[in-house]
Amino acid sequence: MTGTMDSDIAATVHEKAERIAAGGGSKPRPARDPVNTAMINNWVEAMGDDNPVYTDPEFAASSVHGGLVAPPAMAQVWTMNGLHGQRAEDDPLGAMMAALDEAGFTSVVATNSEQTYHRYLSPGEHVSASTELDGVVGPKRTALGEGFFVTTRTSWLVGDEVVAEMTFKVLKFRPAGSDDGTAGDAGAAPWQGPSGRVVDASERAAGVLRPVISADTEFFWAGTRVGELRIQRWGDTLRHPPGPVDPGGSMEATPDYVVAAGHGTVYSYVVHHNPPVPGKQLPFVVALVELDEGVRVLGELIDADPGEVSIGMPVRAVFLRVDEELTLPAWEVAR
Amino acid sequence: MTLAGKAAIAGIGATEFSKDSGRSELRLACEAVRGALDDAGLAPSDVDGMVTFTMDANAEIAVARELGVGELSFFSRVHYGGGAAAATVQQAAMAVATGAADVVVAYRAFNERSGQRFGQVSSAAAQQVNSSGVDNSFHYPAGIATPAATVAMAAQRYLYEYGATTEDFGRVAVVDRKHAATNPNAWFHGKPISLDDHQASRWIAEPLRLLDCCQETDGGIALVITSAERAKDLPHTPVQVAAAAQGSGTGQYVMTSYYRDELAALPEMSVVGRQLWEQSGLSHSDVDVAVLYDHFTPYVLLQLEELGFCGRGEAKDFIAGDTLELHGKLPLNPHGGQLGEAYLHGMNGIAEGVRQVRGSAANQVPGARNVLVTAGTGVPTSGLVLGDYG
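Taken in sequence, the protein lines are chains A and B.
Start counting the first sequence at 1; every next residue gets the next number (this note's numbering).
Start counting the second sequence at 1; every next residue gets the next number (this note's numbering).
Same shape as in the complex, but just chain A (with noise of 0.2 Å):
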């Protein structure tokens, strides 16, 4: 970060966060259905637990439970609120995500869930379920951007008897480089991100070329500066470098990026001697990289001995953190 969050903004975040929690629990939201063999062996079939407690009756009957009961680890599933469904008007989580939403934390993601289970569930049992809100730390600096932690305490209950236990928690970010002002400091590197490990390059490419970026390109930087090498996707195809109109010629479609797992070969190379580059050590390798999602991009190959190099190379991603903008994508030897 290049400076410190607004503490009005911190300071806001937190009252609200107080006066929710002050409010308590969520009134006992019952599910949608009773627990239910359907659902039951659905569920079970998706986890491929081929435990026959949950499936056959006989053997049920004579187990310890004396018939069917709900996997545990279903309490969650029993009220969740179906595709369309809304949250409850007194729900805690989703005041507190609407708050941070507002203060322009608007990015989410859920970081861990414990769930505790106190009886097994059988089939004809109608249990509800009641959030409240048990904490909200921050601000904190992450790599995915400056963000809340925010955790909810959800209690499932059959009548008054609390039958199983979670505590959630996600990052409510605001993500790095979004157009507040602000850049997410991707944190102390070396890390390894979802394309390949962010390594510390504020010496070595210290001065470098910056790039021009443009309302079409800003998913990629973004995505390097948290590890991830983003390819534009349009339907079925993806590109690159982005651009703005599918290459299939529709005017209506809109593009979204795969996250590249981050492996490739080198189709082309250039070992750059003279003269010298803003940001780069003579001699360097310079690769054009045919990735195993099918397109090529360029980037540095460092750390290699140019003598090794070989078109045809395996190559993994790289990222070159420069400063808090900018993190270039870069190519190191597989080995």
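Each statement offered as a hint is correct.
Stretches of chain B that chain A covers, calculated by requiring three or more beta carbons in the stretch to come under 8 Å of a beta carbon on chain A:
#1 135-149
#2 152-163
#3 198-205
None of these hints come from the bench; they were simulated from the model.
Glycine residues also receive a C-beta, built at the ideal position from the N, C-alpha and C atoms.
Following the hints, position chain B against chain A.
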């Protein structure tokens, strides 16, 4: 209608070629234009059209003001660096053919060695705020930041795919320098090189060595284009524009078309070639002299392939022996090219084409009738067929 034969180059002018001209680029432009008009037997007041490169630092109106050209009815600029060279003549020929102008001057002048050197890293090019700047964002920060490096990427792949060697690149340099050695106007007059010299020269951007790279030059060149009819009344043999064309390929970038299926290719030059043969009614086998853009040697080989002189990957065999020498099957760059004579962004090659057709070149190819001239490679480009057709 066709452009073939509608216009002619009636005059050529140039400054000396140096490494430090000691005067402004505008002065160089004016000297070249004035020289070309003198050569054509025309006065500044006869000029009503001007064409140059978007990269040229001398505005048409500035040149016109300095030389007393007066009113202009046509002015145009062509983009993409050296790719503009032959296209300036195309623009002029189209203006003449349509009546937009009667006498058009095409010019290019710069202090490219003592001033802004193209061989160095240009942060201005990297950071221009437009679509080209965004294109550049995918290679400048990666370290592909000089023209030589951009070409080296394609050249490396060419070597890999077709089993050529860097000696094949070197053979182009040796021929250019051999021709320059006997051209008194060439910077490397009297300084031929051997293939060993080439192989011993230092790496610039592997697989390119110093002697694969053209010079950096201070100087100016100008051409006077008018109708074929009017040219007949002027002092020199009219050098007709038998064909003039531009070309850009699919998936085109400036020097970094790295994302097309074939990296070791110049499809934009194929676009130019097809038009040149169709307009002129000629084919590659009719070419008596080839002035091929030679900022970097590998792209001379690729041009031979794209223009149909040989198949893909076969240039190394095509140029073996004396093919490219003055007495060979396809004399290449008799002036010494941009490696040997001067780097004037391709415009000196057009002037050489004119001299070859006139029969007045320092290294004259006997009976040269059809001369092929190409412009910058790796960029959207252009080409000409020049000839004397009576």
